[in-house]
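*Asks:* The chain contents come next:
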Amino acid sequence: MNGFAPALWAEALKARRSKVLPLTAAAVMILPVVDGLFMFILKDPERAKSMGLINTKAQITAAVADWPTFFQVLLMGTAIAGAIIFAFIAAWVFGREHSDRTAKELLALPTRREAIVAAKLALIAIWTLGLTLLIFVVGLGVGALADIPGGSAALIRDSFGSLLAIAALTLLLMPFVALFASAGRGYLLPLGWAILTIAAAQISGVLGWADWFPWAVPGLLVSLTGAAVGPIPAHSLIIVLLAFFIGTIATFIWWRAADQA
Amino acid sequence: MSPAIETNALSKSYGSVRAVAGVSLRVERGEIYGFLGLNGAGKTTTIRALLGMIKPSAGSVRLLDKEIGPNGRGPWRQVGHLVEQPTAYPELSVRENLEIARRLQGVPDKRATDKAIERLGLSAYAGRKAGGLSTGNLQRLGLARALLHEPELLILDEPASGLDPAGVVEIRKLLERLTKERGTTVFMSSHILTEVDRLATRIGIIHDGHLLEELEHDQLQALRARRLEVQTRDLQAAQEALARSGYAVIVNEGALYLHEGRALEAPDMIAMILVEAGVPPTRLVVTQENLEEYFLRLTGGAA
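From first to last, the protein sequence lines stand for chains A and B. So the first sequence is residues 18 to 278, counted in our numbering. So the second sequence is residues 14 to 316, counted in our numbering.
Okay, chain A solo, but in the shape it has when bound:
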């Protein structure tokens, strides 16, 4: 696309210089660290209690400290926190142009607006997938430090696959956040949207409609019981892709056609 490479370069520079990048990295690292701490406590509650880490051991004795549980918690955390952190990134990448009033500098340029929007979406993809890798790598390290049993190459491979799938599905839902950041000219609307969809996803899960609600689909990969999770149903994948295409096209149309104040 005409101007995509320079637009991506510009987006990457803005991201590198911002505080949001280290902030999101720090935020996602909390997941594996807390997960590891959880394992550490589960392994020997008495020791944890003596170290002052917990007050009562009864509350968490239901779970066991092993690699399958560790990954289960990591996937669940990524599905929930990912939805928030990814949305935060998408809201920042698009919304900052309005809150810093720099959007007007992106409109009358030889680099087409479509290239700029595409570069922003690409940056969000790179950024969020980078964070996903960070979660996994730090998770492996923390799990090894906690010295928990039950690890296997197959488990690591499957868990990595599930983690990537959760991240990819969550990422596909980000164009709507981008659209609301653009049309809402800031952060409020996209973050409000993200919170709304997270709440709606929980409700759809309770009602048993999660497979039909795009924002609940990433959560389908998380097993609450520890039982194996089957593949995502085709209709669920299709509605997520539909949400991606509608959000993306609407964002492009908005940047092309809407009055830019």
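Keep in mind the hints are simulated off the structure, nothing from the lab. Misleading hints may appear alongside valid ones.
To be verified - Only part of the chain A face toward chain B is listed, based on derived beta-carbon distances under 8 Å:
no., residue
1, TRP26
2, LYS31
3, ALA274
Where is the CB? At the ideal position from N, CA and C, for every residue including glycine.
Assemble the complex: chain A is given as a structure, and chain B must be docked to it using the hints.
*Replies:* Frame of chain A; chain B shown alone:
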């Protein structure tokens, strides 16, 4: 050669508010066109429409012989712009902000960034974050971005805003030089009338969304009303004496003003009348209405 800017009955409404109503502009190449108007007159809306940032409700815009399309297409490689207050990415340095502009403008020459920094006197601030710049330096950064790709046409919204007096002169000279040496066309909006008066070769006056008047700079000089200004030690007695002789006199801010041709052509008669009335003039001078006064007279504002 086709004009640099041509709008045809350009209109823009927001709901029931008509921001711009049927503006037909024609800016020839190499001109410095001053677009004058009060705040809210429709200057920025017109500029946004010129740059394809908003869709006109009616009418059309052509820049450098190219239609400004509904999808924001236009001859942007040849157009530099500064719309409203200048903005920049606050966490990026001056150089990085311009480097982004250079790449998005598709300028292959890496030296263009340094050249723009030097030209706008930003060398001392090149490594500084844009978020910490003063308003004046932020304005310089905005102008550097507008000039970086050496455009044929510059569309500048209030280019002198935020600059100190020395900076205003510097930018004026820079724009004059660009026009003379490169034939750059400049379209600049302003409410600082003296600035437009000094720089513009042609002037358009917009008020309430309507283009009231378009005139050559010399024409404007001629249209600005002349008046005879009189000061005496007793204004009231002087006014009465002149009124007795049949002159229409306006008192304003410690002086008398006479607009009639016979007063302007024969100030000596006025002097004689005042001397005979025992209130000789301490000052007697034919002055020309300044641009502010002309502008306010034209737009019906209070002087």
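*Asks:* For each hint, tell me whether it holds in the structure or not.
*Replies:* Going through the hints against the structure:
1. Using the Cβ-Cβ criterion of 8 Å, the hint placing A:TRP26 at the interface with chain B is satisfied: the shortest such distance is roughly 6 Å.
2. This hint holds: A:LYS31 has a C-beta 6 Å from the nearest C-beta of chain B, less than the 8 Å allowed.
3. For A:ALA274, the interface hint holds, the least distance from its beta-carbon to any beta-carbon of chain B being 7 Å, beneath 8 Å.
In this structure, every one of the numbered hints holds.
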